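Q: These are the residues of each chain, in order.
Protein chains: 2
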Amino acid sequence: MANAYDPATGAGLDPATQRLLDRRDRVLGPSYRLFYREPVAVQSAEGLWLRGMDGRAYLDAYNNVPAIGHSHPAVTAAVGAQIATLNTHTRYLTDPVVDYAERIVAKFPAPLERVTFACTGSEAVDLAIRTAQYGTGNRGLIVTEHAYHGTTHAAAQVSPSLGPNNPVGDHVALIPSIDTARAPAHEVATRLLDSVSAAIADLNERGHGVAAVILDSVFSSDGVQVEPAGFLAPVVQAVHDAGGLYIADEVQPGFGRTGEWWGFQRHGIVPDLVVLGKPMGNGVPISAVVGTVAAQERFGSEVRYFNTFGGNPVSIAAATAVLDVIEQDGLVEHAARVGGELLSGLQSLMGDYERITDVRGAGLFLAADLGSRDAGLSPDPELAARVVNALRDEGVLISASGPAAATLKIRPPLPFTSNHADLLLEKLELVLRRETRA
Amino acid sequence: MANAYDPATGAGLDPATQRLLDRRDRVLGPSYRLFYREPVAVQSAEGLWLRGMDGRAYLDAYNNVPAIGHSHPAVTAAVGAQIATLNTHTRYLTDPVVDYAERIVAKFPAPLERVTFACTGSEAVDLAIRTAQYGTGNRGLIVTEHAYHGTTHAAAQVSPSLGPNNPVGDHVALIPSIDTARAPAHEVATRLLDSVSAAIADLNERGHGVAAVILDSVFSSDGVQVEPAGFLAPVVQAVHDAGGLYIADEVQPGFGRTGEWWGFQRHGIVPDLVVLGKPMGNGVPISAVVGTVAAQERFGSEVRYFNTFGGNPVSIAAATAVLDVIEQDGLVEHAARVGGELLSGLQSLMGDYERITDVRGAGLFLAADLGSRDAGLSPDPELAARVVNALRDEGVLISASGPAAATLKIRPPLPFTSNHADLLLEKLELVLRRETRA
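So the sequence lines, in the order shown, correspond to chains A and B.
Per our numbering, the first sequence starts with residue 1, numbered consecutively.
Per our numbering, the second sequence starts with residue 1, numbered consecutively.
These are computed hints drawn from the structure, not numbers from a lab.
Do not take every clue at face value.
One-sided excerpt, in silico: chain A residues whose CB lies under 8 Å from chain B [as the list claims (entries may be wrong)]:
hint, residue
1, Leu28
2, Glu102
3, His334
Keep in mind the model is a prediction, meaning the values are calculated, not measured.
In this text, a Cβ means the ideal position worked out from N, Cα and C, and glycines have one as well.
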């Protein structure tokens with residue numbers, strides 16, 4: 001995992017942090033990992049800022065869950081009112097889930113017109129897989145070789161980025177990560193289509209058939225790949241021709257981050273199933289699958305699905321507040337505008353620092369590759385780790401990502417302003433100057 | 001599914017309910033099902049009572065999620081304070097998750113000493129399966145033939161109660177449902193052990209080996225099977241001898257419902273992994289796997305697990321309030337006492353109504369079989385459906401369960417009092433008198 005705290009090589013921590021860490025290690029399971037060479041202990045958060053237990057303020061340029069900002073009063077008010085009134089499940093009739101379902105479905109192009117609620121992106125991916133496999137009668141799934149789609153058994157099987165010990169299923173065909181920094185723009189769509197076509201042939205040969213291709217609409221774990229817009233379109237046709245579905249994983253790009261409501265929109269496509277998660281409730285657990293009736297009917301009528309907490313009125317209240325604020329504050333357009341400014345700033349830095357080998361982004365989902373400008377644009381994960389940790393020490397939180405873990409990933413809450421962008425760029429330049437001194 | 005609303009045979013609904021239902025059907029996925037011949041539309045809830053949109057009060061004798069009562073002010077206060085302060089994930093250090101982890105782990109016997117958080121019981125079951133399979137190197141899983149363990153792909157594969165279209169994996173061996181009404185008490189443990197031993201042999205023969213046996217500690221979906229206490233003990237030894245783990249599914253029995261903190265305690269066993277869910281946050285999504293270091297170490301260190309919403313401070317705040325209230329109000333002892341009274345009342349009704357063929361329970365998890373007192377105790381699912389729906393019309397909510405869907409399942413929030421029990425018994429007698437007139 002990129003940017004994980006390593007107790008063996010970690011810095012000497014202050015005594016209070018070390019005590020909390022020791023207590024944590026004694027009671028939490030061995031799966032837990034922390035971010036940063038020196039983990040950040042957090043006391044509170046508001047808007048774009050985390051307040052550390054060390055008393056310092058950290059600019060959050062990484063968390064896409066608190067989409068409308070940390071501790072947003074609209075979420076606090078909505079959740080507080082609902083939890084004092086009613087919190088139950090969808091086997092009773094309640095108003096809030098229906099009201100919200102109508103609003104969220106209206107954000108999608110026809111025929112994406114039905115929504116099923118769960119609690120996490122992983123659960124929604126898992127449900128989309130079950131729906132696609134049962135509906136098509138096929139088992140095969142196509143994902144990129146550095147994909148991340150979740151942590152349930154079925155979602156982890158399509159998440160090779162979890163590492164070599166995480167078993168990828170025999171029914172899964174991996175296609176090469178898209179790499180727009182190294183591919184000529186006019187070849188991105190062709191290469192992707194060729195990869196998908198080969199995967200389809202492979203799955204058919206192995207007797208699995210094609211249930212679905214699952215693609216994160218901005219390829220978050222593949223290093224953020226967004227240009228040229230439209231490169232996903234041929235994939236939809238190819239997977240349909242093979243009898244499979246197109247599943248758009250919008251857990252990371254969804255809800256306005258890319259400067260449009262959904263990341264798939266910039267490619268001009270209409271998926272069969274769309275998976276929503278992280279930002280949906282600003283941190284209150286809620287996720288969903290939005291899909292066509294055709295894609296969902298067979299599974300829904302013959303197998304069914306019930307998630308006790310899925311669509312509960314309290315999670316729905318949080319999600320409703322998120323929609324309200326995104327709409328009222330114009331955060332989709334805001335993400336496009338400020339994201340554009342930040343991308344320009346990164347491009348300008350790239351002009352001054354040759355160790356930045358590519359920058360790219362859509363709205364407030366941005367990436368900068370670090371490495372050498374040789375023929376292969378050799379990535380430098382050590383430099384990326386140094387930059388991420390130096391920025392943390394300067395009070396700015398981002399992380400590293402991508403197949404080589406050499407891509408800086410910048411993904412702040414949506415109310416990130418031009419001033420925040422300026423601060424980030426200023427600190428990034430400071431750190432680059434220091435860390436790239438030859 | 002027992003007790004599902006069927007639009008084809010459903011009663012004519014009042015216009016407001018029908019309008020809400022129509023709106024719901026237009027936007028929710030085809031998987032959704034409602035309870036009762038006439039669905040209950042809910043406006044608000046407090047303590048043991050749901051308030052319907054029809055203005056009526058319904059005694060909730062069925063929902064085990066609002067464990068400490070609907071809309072409990074302690075949960076409202078805790079969630080409200082935390083959500084206004086901080087809600088983030090476990091890759092930063094925060095106090096609440098460590099404080100809670102220490103408290104929850106202390107509720108378990110050694111060596112159950114580490115906890116991993118997720119959001120739903122299904123996710124926790126899924127994680128326990130991944131942990132067991134990776135840790136043991138085996139794939140095989142043993143569950144009862146009417147088990148329900150969840151809705152992710154992997155959890156649904158061990159949930160045959162979801163029906164014939166829900167595929168059970170080849171790596172899953174089913175053992176007969178325990179049926180304490182039809183088995184002599186002294187044979188329950190022997191029969192179960194024989195079944196498990198046969199399943200172990202079967203899985204070994206099919207080359208899967210044994211990763212785990214997964215048993216709901218009160219067999220909720222198998223009709224609630226609780227006596228004689230201790231019958232689970234031989235299973236633990238058998239599965240260990242086969243190289244597998246014992247996973248206790250405490251999503252339904254956990255948190256005091258059975259009159260002890262955990263359902264497995266009445267059997268005097270110590271599982272390797274324990275799955276927690278539903279009542280844990282009184283409706284705010286949170287779940288967990290509690291386990292030994294030995295059972296979790298290999299998966300945790302070599303594969304890892306991260307759940308974005310798992311262990312978030314807001315869900316943890318709700319869970320902390322639940323622990324506080326259970327402890328302060330003595331709800332474990334309360335469940336034992338009132339559950340005992342209710343069981344006596346059901347036994348007394350069984351003396352008067354021969355269509356009740358068995359009653360049983362542990363704490364506030366109770367069951368009554370309906371059928372004929374012939375040699376096979378033939379179950380009567382139609383009578384059970386009539387009783388459940390007639391009780392609903394009388395303002396008391398329970399449901400039907402079990403392999404034959406002929407078992408009344410009674411599972412109220414824990415603050416259910418003797419007065420509530422009297423009301424339930426009075427209404428049940430009224431309904432039985434009417435529905436069993438020959």
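Q: Taking the hints in turn, state whether each one holds.
A: Comparing the hints with the structure gives:
1. A cut of 8 Å between beta carbons decides the hint on A/Leu28: the least distance to chain B is about 6 Å, and the hint holds.
2. Look at A/Glu102: its Cβ gets to within about 5 Å of chain B, closer than 8 Å, so that hint holds up.
3. Violation of the interface hint for A/His334 is found here, the shortest Cβ-Cβ separation to chain B being roughly 22 Å, above the 8 Å cut-off.
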